[in-house]
Amino acid sequence: MGLIVVGLSHHTAPVDLREQVVYSKDDAVAALKRLKADPLLPQAMLLSTCNRTELYALAADDEQAQHLVKEQIFADRMKAANGNGEQYLYRHAGDKVVEHLYRVTCGLDSMVIGEAQILGQVKDAYALAQAAATSGTVLHRLVNGAVRVGKRARTETEIGTGAVSVASIAVELAEKVFQTLKGRRALLVGAGENGRLVAQHLLAHEIASLTICNRTYARAEGLAQELGGDARPFEELADALAKTDVVVSTTGAPEPVITGAMVGAAMKKRNHESLVLLDIAVPRDIDPAADSHGNVFRFDMDALSAVIDGNFERRKGEIPAVLKLIEGEVSAFLRFWASLDAGPVIRDLHAAFESVRSAEVEKNARRFADQDRDQLQVFSRSLMQKLLAGVTQEIKKYQRTNPVEMERLAALRTMFGLGEPQDPHDPPLENGDSDDVE
Amino acid sequence: MIDTENLLWFLNFLVPVLYLVTVLAYLALFFTEHRFAKRVARPMLVASVLVNLVYFAAFTSYFEHVPLVSGPQVVGGVGFALAVTYLWVENQTQTPHTGPFILFLSFLCQAVSTLNPRLDPYVPKILDSVLFSFHVSAAVLGYSSLALASVYGLIYLLLYKDMRIKHFGLVFHRLPPLAVLDRMNFIATAVGFAFITVAMALGFVWSCLVFKGPVADPKLIVGVVTWLAYGMTVYGRRRHSWQGPRLAYSSLFGFVVLLLSMFVVNFFFTKFHVFT
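Each protein sequence line maps, in turn, to chains A and B. Here the first sequence is numbered in this note's numbering, starting from 1 and rising by one per residue. Here the second sequence is numbered in this note's numbering, starting from 1001 and rising by one per residue.
Covered stretches of chain A, going by a simulated chain B footprint (3 or more residues, C-beta under 8 Å):
id, segment
1, 266-275
2, 283-295
3, 306-315
Everything labelled a hint here was simulated from the structure, so no lab data went into it. Where a beta carbon is used, it is the ideal one built from N, C-alpha and C, also for glycine.
With the rest of the complex left out, here is chain B:
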């Protein structure tokens, strides 16, 4: 008889290992287009996503709550959403060559989650609500989309730079056309913005219900600033046809600034937006 808690520990470590192997397969495919890598990469990704799903299901069933309570667990959720989104993107674009970039980020998220494990049934009472679950889910999807947009921004700039300096190497041959990367960047940014909007609205309502009024939380302020910045990007694209490097820089730097702000806020204001 397998002990469920031991199984959860095992899966917790297996998930990032599988993602790492997947990233290596996609890297091999990117650099060599070797047939073996071509055969193995996508099935490895599907296997990683399925095992990740099994881990989520087993965790939820055993501890009776979704593993999205602590910060690292949310980061893990972002990694999972990124991998699932990438599977869809690969189907749409019919090219596996953006895989190494997106899946590396997914692996990093999983690693952060695994190295900061929180395998216990305790859920702070104030977080135990349907509204809060929707808030977190929307935030996870929003941040995943923004992370995806930043990766598209990065690879757009790599190809853009190579084409401008007339360097026709691997990046030129492997990556999809600039128009595709630009479109994917915008879609991811717009979807991320929409989810963050929903997450903020739900968070606001939830905090009003729980704390009898809005919370003066630095993370919330960072969230609002981020939301405004991405809102401007979406507006700029819709109204002023922002495209190409401008959109790529804004989504890339937007996400970097978002991560740094979160880090600074977490480091200096540990008392806020921490309910566990």
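Just chain A, with the same shape it has in the complex:
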């Protein structure tokens, strides 16, 4: 019995193939239920996002289970691919599965390093496994560790800091000037898709108003209605400039639509209050001559790219720190895994009983005469051994290769509060006792 993962991701498969193997929630539950029918895979979880589809499972036989997963999860959907699609799939077993999932959850395996969405996606995948009744103690502990290390990576390192998309960089730059966009006025020049994305980001940051100027007034009006803003004719652009704090320009015009003179006039009207100009059009919409006016902050695509690159570099620099967290969490999982066997359960159970026995004997020793205390020790120890003898014999029969018996071993640990073995060299985990999956 061991852990396996079979999957494909943006590292191994092209997008046209990845989109064929994306599972909807209902499809994922149905697929998991089909898998469960085979005793080879007592526990399984399907993680399916736009960039990856992976099946994690507790398997009775690694190779057979991997083959079964390939057939049932990937084969049909990859029919369009050349050959059998084998070259796009990766497979891991044992410790590597744990490390892989923890890397994925921390965002180290993502297209955008450190992106946070994957953490929620892993939680959702586990919820689907619960819905399909394919979760179990091992999978629960695996995902719990993944979510915990994912959270720690984002709170204890800077793997997730710094915006890495144009829309979020635009907000970051504007906030670097105004501190907050709450109550600020925004002007969108152009009604294209990029502008809409940035405008949505600005609206999410509680801007006070959004004005849209577009050469085709009807399009401006339509987008304004959709986003909840106002439309103004393109001829009023110069006037609109004076009444805004953040301008996002994204037209397809071959020449600048906002000239230096327009910005100068607007700055005069607005008493030289700070103005952020975000030019995300190529060719540029805003004349660089706008820079000659004080308190004007103009950023074009080159500037935005520079910030994105810088943030990527900062995230990359955090990878060693995240790997260290992962290493610790993998070790903790492996200790848990090793404890799910008859030997460790019996050892820990006896230790727990012995601890209770010795504490009780110590507490009550004074009630006995000095010459009887040795007898008390012998009696209590003998009683404990006899009480445990039957249970011990029964536990000895349990094999971790049998999924039902493995669950029983896990249940015994839970019932008797045996907990997880700790590495004496490791500091206790901050969230060590919490159930992060729930």
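Chain A is fixed; fit chain B onto it per the hints.
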């Protein structure tokens, strides 16, 4: 048994050393964001401020007057007030990255005070008054605030310049937004102006009582000119929404001019505003 005077000498030199270590910790934090620097910087600052406070208390208890009699002692007081103010600012803004700039100034003030020690009980009779103590305290708080405003002005301009030339390096990533720096600059300028106003009023009353009339002191003239300049800045902000680089330049150059004027006046007119 520790000799109190020796202890005071020891503390006098320990204080700037602690501030220097604090500045280095904040610099390390600014450049590297290393965990150790993150853990150490603020406790070091708290320790420096506490030791500084102990020094003030021990000095006051031993010599029976607050160490604000000589010029360098006043400068030391400004350094202390700056460090305390910075502790509050760090709590408010939740960022330690303005620390190196402000605390470096604090360290310089402490160094000036330590290198010009005046550990004796003598207080000129004319300075031994409650009114004069309030005048000096208000002046110390006023100059500390103006010094703080100048530092905020400087770091505002650093970030402003970087953003204008699209340079997104350490300054961009570490410093708080321009609006925060601008607001802190204005608050410090306004508070400084208020304290200087109080200090000047108290100084005027005190001089009238002691010298039977106002003193024709070049330092006083510099003080009045400074007060007017900062008053105009505060007025400009309130009435004409002066903000950003204009406010930053005025507080930075205002303080530089103030320091230079004081230096020139001290150099050429040593007989005036010197009572010790």
